[in-house]
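Participant: These protein sequence lines are chains A and B, in that order.
For the first sequence, position 65 (counting from the first letter as 1) is numbered 65 according to this note's numbering, and the numbering increases by one without interruption.
For the second sequence, position 45 (counting from the first letter as 1) is numbered 45 according to this note's numbering, and the numbering increases by one without interruption.
Among the hints, erroneous ones may be present.
Said to hold, decoys possible - Ranges between beta-carbon positions, derived for each pair: (1) A/Arg64 - B/Gly80: 18 to 24 Å; (2) B/Gly80 - A/Ala57: 28 to 34 Å; (3) B/Ser16 - A/Tyr37: 35 to 41 Å; (4) A/Arg64 - B/Leu33: 33 to 39 Å; (5) A/Ala198 - B/Pro50: 25 to 31 Å; (6) B/Arg58 - A/Ala57: 50 to 56 Å; (7) B/Leu45 - A/Ala25: 28 to 34 Å; (8) B/Lys158 - A/Arg64: 23 to 29 Å; (9) A/Ala25 - B/Asn26: 21 to 27 Å; (10) A/Ala25 - B/Leu33: 18 to 24 Å; (11) B/Pro50 - A/Ile282: 49 to 55 Å; (12) A/Ala262 - B/Lys158: 43 to 49 Å.
Unchecked claim - Short derived list, chain B residues pointing at chain A, Cβ under 10 Å: (13) Gly30; (14) Thr31; (15) Leu33; (16) Phe40; (17) Tyr42; (18) Ile49.
To be verified - Residues from chain A that keep clear of chain B, each with C-beta distances beyond 10 Å, as calculated: (19) Gly84; (20) Thr181; (21) Pro220; (22) Gly258; (23) Phe264; (24) Trp286.
What the hints contain is simulated information worked out from the structure, not anything from laboratory work.
Glycine included, C-beta positions come from ideal geometry on N, C-alpha and C.
Take a look at the letters that make up each chain.
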Amino acid sequence: MGRLVTGVRAWIDERFDLAGIKALAQKKRVPVHRYSYWYFLGGMTLFLFGLQVLTGALLLLYYRPGADEAFESVQFIMTQVQFGWLVRSVHSWSANLLIFMAFAHLFSVLFLKAYRKPRELTWVSGILLLFLMLGFGFSGYLLPWNTLSYFATKVGTEIPAQIPIVGRPILLFLRGGEEVTGSTLTRFYGLHVAIFPALATLLIGLHLALIQWFGMSVPPSVEARWRARPQEKKGVRFFPNFVLRELMAWYVALGLLGALAALFPWSLGVKADPFAAAPAGIKPEWYFLFMFQTLKLIPAKALGMDGEMLGILAFGVIGFAALLLPFLEREKPFNSQRWILALACLFLGYMAVMTVYGWATR
Amino acid sequence: MFPASGISDAGPRSDSTNTARRRFVNILLGTGLTASAASFVYPILRYLIPPKVPDLGRDAVLAAHIAEMEPNTAKTFRFGSRPGLLVRTASGEYRGMSATCTHLGCTVQYRSDLREIWCACHNGMYDLNGRNISGPPPRPLEVFEVQVRDNDIFVRRKPEA
Chain A
1 MGRLVTGVRA WIDERFDLAG IKALAQKKRV PVHRYSYWYF LGGMTLFLFG
51 LQVLTGALLL LYYRPGADEA FESVQFIMTQ VQFGWLVRSV HSWSANLLIF
101 MAFAHLFSVL FLKAYRKPRE LTWVSGILLL FLMLGFGFSG YLLPWNTLSY
151 FATKVGTEIP AQIPIVGRPI LLFLRGGEEV TGSTLTRFYG LHVAIFPALA
201 TLLIGLHLAL IQWFGMSVPP SVEARWRARP QEKKGVRFFP NFVLRELMAW
251 YVALGLLGAL AALFPWSLGV KADPFAAAPA GIKPEWYFLF MFQTLKLIPA
301 KALGMDGEML GILAFGVIGF AALLLPFLER EKPFNSQRWI LALACLFLGY
351 MAVMTVYGWA TR
Chain B
1 MFPASGISDA GPRSDSTNTA RRRFVNILLG TGLTASAASF VYPILRYLIP
51 PKVPDLGRDA VLAAHIAEME PNTAKTFRFG SRPGLLVRTA SGEYRGMSAT
101 CTHLGCTVQY RSDLREIWCA CHNGMYDLNG RNISGPPPRP LEVFEVQVRD
151 NDIFVRRKPE A
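Chain A with its partners taken away, still in its complex shape (with noise of 0.2 Å):
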């Protein structure tokens, strides 16, 4: 058995230089210091990705698309497959973890200073990331075609329609037609199953790459006294010392999800009827809370405009300087640090509050 492992081990040797690949991992590492807890996130959120894809193949072997069909083959997966209902609420769940853990890395990494030279295209790739995970939320909310799902897809497809000149254009292309129907059915489960999976595939190679190429952040406070005192500097081989710290997380969260799972098993709701009336309490994800809540806070004309229209203004706004944040920062990053970060703990509270008012408010 020995034997056999080295011999395998030298026939790849021979061809790929395994060795040197080896000591590309032992060179890595990761720096020590009193933030380093943070730098667990990310992987964590790929962690939680990677689940994602396990079981989003499952349920696509008794998943089926279609008005007739989709809340159908659900509930068989739900009532009729073994373990079914532990698939399907893993998958739920760990979307909404993968949701929050997104946000909580952005915002470690946006108050961590980790986007400043030289590493904006990693912050810029990781927007786009985040913005393609709730593009996930919402496509895959629709795919059980409950009344939930139908109504709040109903909205959300409507909101983007306030736009002028390509606001209709961009709503027949999200619906597949005038309505919601089967139609936007099948659109949703090919951007969730085809074409999100392509792109996340394109940028978390390319999110994983600039991190490799560029290493480790350390944020300025830690920098500026490392480089005072170069003796205090510190760290870990990131093979294995910080996988094996990084591997024990992602156990925990597995089991995390399982109890999860098992406890508070996600349930189906009604099947969607599209000529019935709207229920009361109709939500989106709590991931689009606050802009739902904003939405429905904003008077129906404000500053001259359509109310509406100025809510997507103002998040369109927001998230194209978010997607630009490390652009927008002078060279000397002290100096603009100030009002960037109160941007940030600002938007964080009104993201928190809004989220809490719009959960329990019916």
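On the provided structure of chain A, position chain B as indicated by the hints.
Facilitator: Only chain B this time, still in chain A's reference frame:
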């Protein structure tokens, strides 16, 4: 936050106790991880097995109406999730049987010219009692019970002997 490295000090203990402890910890860790891996893989394996479609059992299926069935003709009908074959012989009798060839599962057909049942895939032949008489089929076709009620012809599985 991170301890300096994975290797802790051996202290004053001898090397052999250290190795024994290490082995013990490794066994604990190994069994724990194996058990978790099993609890992870087992549901997935079970999930991959599709649930059984409920069988017809002894339920009768409406195969045809009398008006459709001329003598020396046949009709394929749905019997549960599989096709069944209803034959009206030249003498006017009804015969019902499974239409799934016992060789490799093609659907068989009635040949009015030969007055026999024929499988087009590999030239298998059955007689009107479903017995395999030539070609590759290894077993006879499953024969069903046929009942005529008013204008309807019902087919169901024979009670198990």
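Participant: With reference to the structure, classify each hint as holding or not holding.
Facilitator: Each hint tested on the structure:
In this structure, A/Arg64 and B/Gly80 meet the distance hint of 18 to 24 Å, their C-beta atoms being roughly 21 Å apart. Between B/Gly80 and A/Ala57 the C-beta distance comes to about 30 Å, which sits within the given range of 28 to 34 Å. Range check, B/Ser16 to A/Tyr37: Cβ separation about 38 Å, and the 35 to 41 Å hint holds. Between A/Arg64 and B/Leu33 the CB atoms are about 37 Å apart, so this pair conforms to the stated range of 33 to 39 Å.
At roughly 28 Å, the beta-carbon separation of A/Ala198 and B/Pro50 lies within the given 25 to 31 Å, and the hint holds. With their beta carbons about 39 Å apart, B/Arg58 and A/Ala57 fall outside the hinted range of 50 to 56 Å. Here the CB-CB span from B/Leu45 to A/Ala25 is close to 32 Å, well matched to the stated 28 to 34 Å. For B/Lys158 and A/Arg64, the Cβ-Cβ distance of about 35 Å falls outside the hinted range of 23 to 29 Å, so the restraint is violated.
Restraint check, A/Ala25 to B/Asn26: a C-beta distance of roughly 23 Å satisfies the suggested window 21 to 27 Å. Checked against the given bound of 18 to 24 Å, the beta carbons of A/Ala25 and B/Leu33, roughly 22 Å apart, stay inside it. The hinted window of 49 to 55 Å between B/Pro50 and A/Ile282 is violated, with their beta carbons roughly 35 Å apart. A beta carbon spacing of about 45 Å between A/Ala262 and B/Lys158 agrees with the range 43 to 49 Å that was offered as a hint.
Taking 10 Å as the C-beta cut-off, the interface hint given for B/Gly30 is violated, the closest approach to chain A being about 14 Å. Violation of the interface hint for B/Thr31 is found here, the shortest Cβ-Cβ separation to chain A being roughly 15 Å, above the 10 Å cut-off. The beta carbon of B/Leu33 comes within 8 Å of a beta carbon in chain A, closer than 10 Å, and the hint placing it at the interface holds. For B/Phe40, the interface hint holds, the least distance from its beta-carbon to any beta-carbon of chain A being 7 Å, beneath 10 Å.
The closest approach between the C-beta of B/Tyr42 and any C-beta of chain A is roughly 8 Å, which is under the 10 Å cut-off, so the hint is satisfied. With a least beta-carbon distance of about 7 Å to chain A, the hint placing B/Ile49 at the interface is held under the 10 Å criterion. Not every CB of chain B lies more than 10 Å from the CB of A/Gly84, the least distance being 6 Å, so the non-interface label is violated. The beta carbon of A/Thr181 is kept farther than 10 Å from every beta carbon of chain B, the shortest such distance being approximately 29 Å.
Look at A/Pro220: its CB is around 19 Å from the nearest CB on chain B, clear of 10 Å, so calling it non-interface holds up. For A/Gly258, the shortest C-beta to C-beta distance to chain B comes to about 8 Å, within the 10 Å cut-off, and the non-interface label is violated. Every beta carbon of chain B lies more than 10 Å from that of A/Phe264, the smallest distance being close to 17 Å; the non-interface claim holds. Distance check on A/Trp286: its Cβ is at least 27 Å (rounded) from any Cβ of chain B, clearing the 10 Å threshold; non-interface status holds.
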